[in-house]
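Enquirer: Here's the letter readout for the chains.
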Amino acid sequence: MQLDKKVIGHEFEAFSTTVEAGKVKLFCKAIGEEDPIYSDEAAAKKAGYRAVPVPPTFLQAITNDDPGKGGLLRLLNVDIGLILHGEQHYDYYAPVFVGDKITCQQKVTDMYDKKGGALWFVVSETSMKDQAGKLVAKGTGITVVRNPDATKK
Amino acid sequence: MVAATPKAPIFDQVKVGDPIKPIVLPPISRHQLALYCGGSGDHNPIHVDLDFAKKFGFKDVFAHGMLSMGFLGRLVTSYAPRDRIRRLGTRFTSITWPGDVITLSGKVTGKREEGGEKLIDLEVKCTNQNGQDTLQGHATVAAN
Chain A
1 MQLDKKVIGH
11 EFEAFSTTVE
21 AGKVKLFCKA
31 IGEEDPIYSD
41 EAAAKKAGYR
51 AVPVPPTFLQ
61 AITNDDPGKG
71 GLLRLLNVDI
81 GLILHGEQHY
91 DYYAPVFVGD
101 KITCQQKVTD
111 MYDKKGGALW
121 FVVSETSMKD
131 QAGKLVAKGT
141 GITVVRNPDA
151 TKK
Chain B
1 MVAATPKAPI
11 FDQVKVGDPI
21 KPIVLPPISR
31 HQLALYCGGS
41 GDHNPIHVDL
51 DFAKKFGFKD
61 VFAHGMLSMG
71 FLGRLVTSYA
81 PRDRIRRLGT
91 RFTSITWPGD
101 VITLSGKVTG
111 KREEGGEKLI
121 DLEVKCTNQN
131 GQDTLQGHAT
141 VAAN
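If you read the sequences in order, they're chains A and B. Read left to right, the first sequence gives residues 1 to 153 (my numbering). Read left to right, the second sequence gives residues 1 to 144 (my numbering).
Hints were generated in silico from the structure; no laboratory data involved. Think of the CB as a built atom: it goes at the ideal place given N, C-alpha and C, for glycine as much as any other residue. Just to be clear, a hint being listed does not mean it is correct.
[As the list claims (entries may be wrong)] Chain A side only, calculated, beta carbon under 7 Å to chain B, not exhaustive:
id	residue
1	K6
2	A30
3	D35
4	T57
5	A61
[What the hints assert, rightly or not] Straight-line C-alpha distance at most 20 Å; calculated PhoX-like pairs for lysine-lysine:
id	chain 1	residue 1	chain 2	residue 2
6	B	K55	A	K46
7	A	K45	B	K15
8	A	K45	A	K69
[As the list claims (entries may be wrong)] Derived coverage of chain B by chain A (criterion: at least 3 residues anywhere in the stretch with Cβ under 8 Å from a Cβ of chain A; other residues may be distant):
id	region
9	13-19
10	54-68
11	73-79
12	82-92
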């Protein structure tokens, strides 16, 4: 298997999604987050927020609302069972709240291999803007692809 | 215990090397992985379907890296309020298996002023019951 570096610079189709209260509650249950500001509007307002904010890494749930989810795998033509998450970084410019409509745009920014081609690293950046067009966050992820040819040898 | 929103750290009172109060989590369960599958929208079957995980050479299902990063988010928001978080990033350094007991810990690594804000840099990590780091991360929060 040989990955194609020509995908560097590829921009995926942007999409928009509205942050739902129930999804935030389920996310908080999964990570064990019990601060009421993420579930109770009164608690959020008492803490100084205009609405219920989302936990810092809920941004992943927003990007996973992509109707074209799995685009990176299709672009690389690799099976989902061969990928691992290498790194993830978020820059936060403003909190995201329940009810916000977030527009995400992902692009591939770099790609390199290690261990003689046994592992590929694909770097992508996702910008996230709110309904006013303001940049609220940027996500940078590194996806690791395990090259099945390397284990066959 | 219900977590409460912390107050913003006071820049002049924070010292490099100050620890963040650690959090010891209950053992990772398969149920938690199923909840995170739904809650995060990461439907990769490798985290919830044992047959699928074995087919790709793993002995068992394993935790989503982003579930553990969610734990780091909890640690950072136990130190500073949500609207003070400026950066959170991590390397996923080893796999977290069902049954693993993860401890969240961190410390202050730097203080600086940038863009009119007083910033505190943090090292944050997840460590398993064998003392192995599963996530090695960093965060930046804005202080008062």
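Enquirer: Each hint: holds or not?
Expert: The hints, checked one at a time:
Because the smallest distance between the Cβ of K6 (chain A) and any Cβ of chain B comes to about 26 Å, over 7 Å, the interface hint for this residue is violated. Annotation: interface hint on A30 (chain A) holds; nearest CB of chain B at approximately 4 Å, less than 7 Å. Against a cut-off of 7 Å between C-beta atoms, the interface hint on D35 (chain A) holds, since the closest Cβ of chain B lies about 4 Å away. About 5 Å separates the beta-carbon of T57 (chain A) from the nearest beta-carbon of chain B, less than 7 Å, and the hint is met.
Restraint check, A61 (chain A) versus chain B: the minimum CB separation of about 5 Å is within 7 Å; hint holds. A threshold of 20 Å between alpha carbons decides the hint, and for K55 (chain B) with K46 (chain A) the separation of about 50 Å lies outside it, so the pair is violated. A hinted pair counts as satisfied when its Cα atoms are at most 20 Å apart, and K45 (chain A) with K15 (chain B) does not qualify at roughly 31 Å. Taken as a hint, the K45 (chain A) and K69 (chain A) pair is broken in the structure, with Cα atoms around 34 Å apart against an allowance of 20 Å.
Counting residues of the region 13-19 of chain B whose CB lies closer than 8 Å to any CB of chain A gives 0, which falls below the minimum of 3, so the coverage claim is violated. Interface restraint, the region 54-68 of chain B with chain A: holds (7 residues with C-beta to C-beta distance below 8 Å; minimum three). Proximity of the region 73-79 of chain B to chain A, defined as three or more residues with a beta carbon under 8 Å from a beta carbon of that chain, is established by the 4 residues found. Counting residues of the region 82-92 of chain B whose beta-carbon sits less than 8 Å from any beta-carbon of chain A gives 10, enough to reach three: the coverage restraint holds.
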